[in-house]
Structures are given as C-alpha cells and as structure tokens.
Amino acid sequence: AQSVTQPDIHITVSEGASLELRCNYSYGATPYLFWYVQSPGQGLQLLLKYFSGDTLVQGIKGFEAEFKRSQSSFNLRKPSVHWSDAAEYFCAVGDLTGGGNKLTFGTGTQLKVEL
Amino acid sequence: DAEITQSPRHKITETGRQVTLACHQTWNHNNMFWYRQDLGHGLRLIHYSYGVQDTNKGEVSDGYSVSRSNTEDLPLTLESAASSQTSVYFCASSDDSTGELFFGEGSRLTVL
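Line by line, the protein sequences are chains A and B. Read in order, the letters of the first sequence are residues 32 to 146 in my numbering. Read in order, the letters of the second sequence are residues 9 to 120 in my numbering.
These are computed hints drawn from the structure, not numbers from a lab. All values derive from a computational prediction rather than experimental measurement.
One side only, chain B facing chain A, incomplete, derived with CB under 7 Å:
1) Gly50
2) Tyr56
3) Ser102
4) Gly107
5) Glu108
6) Phe111
7) Glu113
8) Gly114
With beta-carbon atoms standing in for the labels, derived distance ranges:
9) Asp46/B x Ile42/A: 18 to 28 Å
10) Lys92/A x Ser15/B: 25 to 35 Å
11) Arg100/A x Gln26/B: 41 to 51 Å
12) Gln73/A x Asp81/B: 14 to 24 Å
13) Thr34/B x Gln141/A: 26 to 36 Å
14) Ala48/A x Ile20/B: 34 to 44 Å
15) Asn64/B x Gln76/A: 24 to 34 Å
16) Lys65/B x Phe82/A: 20 to 30 Å
17) Gly84/A x Ser88/B: 42 to 52 Å
18) Lys92/A x Thr13/B: 18 to 28 Å
19) His113/A x Ala10/B: 20 to 30 Å
By construction, the Cβ of each residue, glycine as well, lies at the ideal position given by its N, Cα and C atoms.
I would like the entire structure built from these sequences, with the hints used as guidance.
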C-alpha cells in the first residue's frame, strides 16, 4: 500500500528566509506526487504536482519541488518565504489505477512565519 | 465558475443519531471522494466513487456509507454517529486527466 511521511510536524522560519518541507513516499510503481496547502478554516489548494518528465516542478506562489526517485522524496522548497505562506502543507501520492486517482496524504507540516 | 460545495458547514449531533453530509460539485467530474481530517492523522480516505452507481471503501470506512445516484452529488451518511467520528470532513472531486483534486471547504461535525 502507498504511504507518505512528512517528518516535520511544525516548522518556523523567518520571513525572507528559504524553506524546505520534507516528504518521503512509498509506492510500488512510478508515483504521482502532489503538494497541497491549507489555510485555516479552508479546504486544500493544489500547489504543484509531478507525473513524469522533468524532476523539478514549478508551482503556484513561487513554490517548487524536486522528485528524487533514489531517495523516494518529493521535497517542497521556496527561496524566500512571505508571511502569507503560513499554513499547513500536505504531501500526497496518487494511485491512478482503476481509472481514478485516489490520493494518500501525509500528516502535514504546519508552517509558522516569524516577521 | 465551477465549484464544490459542502453542507452543512457545522453540525452538532448526539451519539446514535443518523447524520448526512452533502457534497455537490458542478465540475462534472467523474471522481468524488470523502476524507476526514484529524490532528496528527492528516487526511484519511473514507469512501470514493469513480462514477454513477460506483462506490468504494477507503481506509477508514467503518460507520460510514455513500451513494452515487448522479454525477454531481456524493452524500456521506453516518448511520449511528459515535464520538470518534467528531472530525472535519472534506469532499473532493477530480477528472480523469489531471489527477488534481478540488476540495470543498469542509464540514465540521461534533458528536456529543
């Protein structure tokens, strides 16, 4: 069965500093990987996704993520964090068999941004 | 604009009562999902559907049921609510081509 591990429950960074959120996955085939962001009281919004091709993917709000098959990782990065980036971030792996796209999510990383 | 809406947004009920959470999407997506979100567990899949009359169990399906009679709706029913089902519930939908899930804003359920 597929699974996702986000080892950092909470991360605090200063505004303007760089950010890296870690994500490790377990999946038997080529993974479909996603990062979602959730602001307080809101649903989840897609930041970026990886299906195939270039292992460095760009997303919205200046985020990027790099797929590393050898490390089973899909870490999210941003070179300069803004106070509005404070939110919870979820990594997910997709099972696209059976004609659908069932996602398994990690437990999330809560990002706090210090001004 | 297309959207996905959940109702009610907040509900308080008592143990043993039947509860139904509604989910309606106007994306015309084939795939629909129900997740629950709990502290320390992230989002866990309850049930999902890949089309009309299709329903499947997720990893935490005990105590929940769904039905899919049309493309737009996937109601989630708790047959006999338990305190362990106090949670925030999210509905999501997707098409077959991109894999991206579109989420509703969530329904907060409290079972007393």
